[in-house]
Amino acid sequence: MKFRFALLLALLLPAFASATAGETLKADKESSKIKFVGTKTDGKHEGGFKEFTSVIDADFANPANGSLKIEIDAASLFSDDEKLTNHLKNPDFFDVRKYPKIKFESTKIVHGDEGTIKIVGKMTMLDETIEVEIPVEAKLDDSALVLKAKFKIDRTKWGMTYGVGKIDNDVEINADLTFKRS
Amino acid sequence: MEFSALLWSIVVPICVASVAWPICRWSISPHVINETTGEQSSVASNSTKTKQRLGRVAIQLLFSCAIASAFIGRHGWSHWTADAWSFSILPVIVVGLLLAIAEPTSEKTSSLRYLLLTWGCCWLAFSTIPTGEGWLDVVSEHRTWTALIVASAFTNALMLDEMSRRGTHRWVIWVGIAGLAAPLAVAAGCYASLAEWITATVVTSIVLALIAGIFNSKLPCVILSPCALIVATSTASGRFYDYQSHPWWSYLLALFVPSIIAAIDWLLRKRTTQLRVIIAGTLSTACLALLLWEFHLRFRGEQW
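Each protein sequence line maps, in turn, to chains P and G.
With this note's numbering, the residue at position 96 of the first sequence is 96, and numbering never jumps.
With this note's numbering, the residue at position 231 of the second sequence is 1231, and numbering never jumps.
From the structure, some residues in chain G lie toward chain P, with a derived Cβ separation under 7 Å: (1) E1002; (2) D1083; (3) G1134; (4) C1190; (5) Y1191; (6) A1192; (7) S1193; (8) Y1241; (9) Y1243; (10) Q1244.
Negatives, chain P to chain G, calculated, CB over 10 Å: (11) G48; (12) E51; (13) F60; (14) N62; (15) G66; (16) K103; (17) H111; (18) E128; (19) V132; (20) A144; (21) K152; (22) K157; (23) N174.
Some residues of chain G that are not near chain P, with every Cβ distance over 10 Å (derived): (24) S1018; (25) V1019; (26) T1050; (27) V1057; (28) A1102; (29) S1110; (30) W1123; (31) G1167; (32) I1214; (33) N1216; (34) W1249; (35) L1268; (36) T1272; (37) A1289; (38) E1294.
Hints in this document: simulated from the structure, not taken from any laboratory.
Glycine residues also receive a C-beta, built at the ideal position from the N, C-alpha and C atoms.
Given only the sequences and the hints, what does the whole structure look like? Please build it.
Here you go:
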């Protein structure tokens, strides 16, 4: 475990070295994506958010001191079905008029297994703030820092209880965030 | 349909509305209602009139309990004022009860009823229109929809009330149900919680319509005015929570189905009941088919 973490650091450090210790990077709109997959007994639907901002305060000397903030414009929700998009925006699910923002703010960044980083943070949705742990694959080079995460959240924890029993509580989140370095 | 929705939108409303059966049996006297015209006999005693008034209030209470429990059962007390449409349940219940109490013993609609209805429609419009930062993009439509809600609720309530006094009390509630089915078609495509609540209202009304038919009773007709208010509030809510655009005619149709049927029935008032029922049924089906086409078939898609 320690060896792997040391290896990850060794790989990342040359890139860190060229950066200043406290670098604030914004996610690139074109290459960043936040998507979700909802499942039910007889199928699944994919969707995501077109508009969001993400800022990372990267402390390359000590990654644990870094922080990540994501703010999603809930009304930019889309799905693979126009009618479903309509329904998802309503109070049965995201209630985008009442709760226009979905926010994530990291509280802790720790190294995880298999060269991944675990970002612990508070996710606020539907006016409920719940702590989540997100396993993240991080890639850093001279041009960009890329964070890839694939994880599941239990939507009912945020009070999104419509269709429980018919629609699965767990929703898969796929986030690809690219932070370009100037 | 999930079990909880089935329970609160169908089973509970049926159970609550079924209590109207003994109430109708208790309050109605065979000689009070003329079998063919539905007119109240002038020989009705004071005790019979009191029984009928109590019966109307009791049935209105049952209707209120059914629609309130359907909402609370699914959402809990805390969500009572969460959305504009849920807050509008309050004017529906209060105005319904006041109209049931103020029902005149004569056949003429009293000015007090007009006053209550006008006040109720304004309160309903005030409650239904969603406000707040999230709704700024539809502010331009607020004035139009406020006027439409008042016009729809007032016109439908008066037209249905007038129709119920033309010897249609055994079947006029079905016209109210057709009116409720219209906003159900609007809401079903975009907002399931609202659609569930309208379903509970429809189910309650069906039970009361059956009881009205079985007992040849005018008492269940007391729910027509609240139904008219629900048609207006739920159609408007269906529009505000819909992110797809639909033509104005579709909303106007959904808002005024009961008035359209009642107006045609007025033209046919001298004809046989059988013909009037057939025409009303055909018109209802045509209106609902048009709305289903616009809201569900023209935009094919899937809900969760």
